Amino acid sequence: MQRARIRWHIAVFLAPAVLVYTTVMIFPLFNTLRLALYSKVDQERVYVGLENFRTLFFDPIWSEQFWNALGNNFWFFVVHMLVQNPIGVALAAILSHPRLRFAALYRSAIFIPTILSFVIVGFAWKLILSPIWGIAPSMLDFVGLKSLFAPWLGKEEYALTTLALISVWQFVGIPMMLIYAALLTIPEEILEAGEVDGITGFSAFWKIKLPLILPSIGIISILTFVGNFNAFDLIYAAQGALAGPDYSTDILGTFMYRTFFGFQLQLGDPHMGSAIAGGMFAIILIGVCIYLFGIQTRMRRYQM
Amino acid sequence: MKRNILKLALLSTALTATGAMAQDVTLTIESWRNDDLVLWQEKIIPAFEAENPGIKVKFTPSAPAEYNAVLNSKLDAGSAGDIITCRPFDASLALFEAGHLADLDDMDAMNNFSDVAKSAWQTDDGSATFCVPMASVIHGFIYNKDAFAEVGVEVPNTEAEFFAALDKFKEDGNYIPMAMGTNDQWEAATMGYNNIGPNYWKGEEGRRALIAGEQKLTDEAWTAPYATLAKWSAYLGDGYEAQTYPDSQNLFTLGRAAIYPAGSWEIAGFNAQADFEMGAFKPPVRNAGDTCYISDHTDIGIGMNAATENAEAAKTFLAWVGSPEFASIFGNALPGFFPLSKEPVELSDPLAKEIVGWRGECESTIRSTYQILSRGTPNLENETWGASVAAIKGTATPEELGADLQKGLASWYEPQQ
Chain X
1 MQRARIRWHI AVFLAPAVLV YTTVMIFPLF NTLRLALYSK VDQERVYVGL ENFRTLFFDP
61 IWSEQFWNAL GNNFWFFVVH MLVQNPIGVA LAAILSHPRL RFAALYRSAI FIPTILSFVI
121 VGFAWKLILS PIWGIAPSML DFVGLKSLFA PWLGKEEYAL TTLALISVWQ FVGIPMMLIY
181 AALLTIPEEI LEAGEVDGIT GFSAFWKIKL PLILPSIGII SILTFVGNFN AFDLIYAAQG
241 ALAGPDYSTD ILGTFMYRTF FGFQLQLGDP HMGSAIAGGM FAIILIGVCI YLFGIQTRMR
301 RYQM
Chain G
1001 MKRNILKLAL LSTALTATGA MAQDVTLTIE SWRNDDLVLW QEKIIPAFEA ENPGIKVKFT
1061 PSAPAEYNAV LNSKLDAGSA GDIITCRPFD ASLALFEAGH LADLDDMDAM NNFSDVAKSA
1121 WQTDDGSATF CVPMASVIHG FIYNKDAFAE VGVEVPNTEA EFFAALDKFK EDGNYIPMAM
1181 GTNDQWEAAT MGYNNIGPNY WKGEEGRRAL IAGEQKLTDE AWTAPYATLA KWSAYLGDGY
1241 EAQTYPDSQN LFTLGRAAIY PAGSWEIAGF NAQADFEMGA FKPPVRNAGD TCYISDHTDI
1301 GIGMNAATEN AEAAKTFLAW VGSPEFASIF GNALPGFFPL SKEPVELSDP LAKEIVGWRG
1361 ECESTIRSTY QILSRGTPNL ENETWGASVA AIKGTATPEE LGADLQKGLA SWYEPQQ
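The listed protein sequences correspond, in order, to chains X and G. Per the numbering used here, the first sequence starts with residue 1, numbered consecutively. Per the numbering used here, the second sequence starts with residue 1001, numbered consecutively.
It should be emphasised that the hints constitute simulated quantities derived from the structure, not laboratory data. No incorrect hints appear here.
The list that follows gives simulated cross-link-like pairs (lysine-lysine, DSS-like), each with its CA atoms no further than 25 angstroms apart:
#, chain 1, residue 1, chain 2, residue 2
1, G, 1043, G, 1056
2, X, 40, G, 1074
3, X, 155, G, 1393
4, G, 1170, X, 155
5, G, 1342, G, 1315
6, G, 1170, G, 1231
7, G, 1353, G, 1043
8, X, 126, G, 1393
9, X, 146, G, 1170
10, G, 1393, X, 146
11, X, 146, X, 126
12, G, 1216, G, 1231
13, G, 1231, X, 155
14, G, 1202, G, 1231
15, G, 1145, G, 1168
16, G, 1074, G, 1058
17, G, 1056, G, 1315
18, X, 126, X, 155
Given the structure is predicted, the values throughout are model-derived calculations rather than measurements.
Build out the structure end to end from the sequences listed, making use of the hints.
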């Protein structure tokens, strides 16, 4: 019997991606997790096992900050799921309407904020909402609703929701584009067959298109989840590392940044910072697993 | 030692070969003050080189936000400059403890500075000083003289007068009484709490007692400033909750606000922006006739890399930085960054002169949270930012804030347990 030839070309073709991915992603990831198991005592790095995680979850001062950040992060995610994704789907449905004029223009206009830098978005919205120079108060005044204006970014009860909505404004183009692409793949014949059976307009959307784009909505949900729980930039650009007012906009990303790199007089603590990063990784991993094994496998797919 | 002698021998042979020019020693300065590059190149360095032929100086600043990280890696790699600009307190103390900064206690120039000035660059027990104090910033209030004249308000000395003045501006309605926001948080603590606070806790006396564990943050001296801050909110502009630091600066320099709770570092910028006359008054005392205390916060120092090969030249340079001549050049080129030397420096900028004059009338202290007390988690300085904002907004009572801060501090700081 002839021995199977070693298929070198597989290794050769895989090598570049594996090497690059290992050096810039896999190795740093595991090294960060490893760092979380150490602590610095008298200028020496010592192994402390899960002590950092115990501090993070059970020390009253640390755990209060952690749960606050996690809760805020969850609310940030909920706002995206309830506002960004439905609006994205609705926009895509309208854009894919064959008789809409200037569809390409709207599509670009809505998508453009996505390519802007967080710093620009954060700064521009801070100016728009500024009670002193912003156009938001004068615009509300113009329609006689000045009394509705509040310094939203400076109030504990509104700041996080305001920032979440700013982020929605920036990223609504992504679900729109993905859903739009999914809607375009639905063959005309199916819709025409539906029409013959008397399903038109809104009911065509609910009964035919929506079930067919559900897998795309699932993907968008999971992308939103991962993106939100990794979020940091917008909060940092708009509210700084202390995520004011009074930590009301503190999410896991800013909490980790502040702990890892330090802030003002607070010296950085890479070990506790890594523990928080480890926590974030676990949360995202669990969320993605729930989606993959709990939802994705049960989702009905249709042959088109 | 032997190796040094060998080096010297080699060097001297080299010198005879290349002539006197090679005697020049070049000192490199590490700094985060890239704003001051021109000042160093055009004023400070030429003045020093003229007096000390044979020593050349190079000023090589990096970006402020990156300085600590860049410096640390350079020191570890052995490629850092001979002279190191020192951040105050723990950042520099950590460098000294790691053996990167030389002990400068035996330098004569050190006698030109007061203990408060040196406290930012000393070990906790004060046994070693490792940086020459360069400059401090002083807190107080800058006001719009035209606005005061127009509305007919006297410059306040006591707290009652201060609030009376604010009331008058509020009634008049043409000016926002006071320009400060709480969005960026640090102003509330730095220009609010640590500005007016020293009058309550009696400057150094209270600060040292807090470090020693003899006073607590729940004491009246430490919570009363929060009660005063709570009264400020009525006089801040509409929507002050979302007002940022640049917003406040612009409101004041555009002439829309009457009073600006300030740090002296604003002077240069305000002089360039504002087209009205400005004055300054010190934090109002609680009752007429009380001793006044000001926050005269040590901000920049300069020290020597312990691994430098040009120790002698570096010490010559540091001694010169400690001299009145340097103080005069530096203080006048950067109004608002005040030299720390005991001997008063003649400043030409009127606003800077007014502010630095308080040193003669009042007791100096530094910000209460900077030395030792912000070493642990939770970080007292950062917590004070939040507490000061909460006090102004009225979301917590001064007693609650004091209790919270005390609980946080006591959780890691032994003398307070």
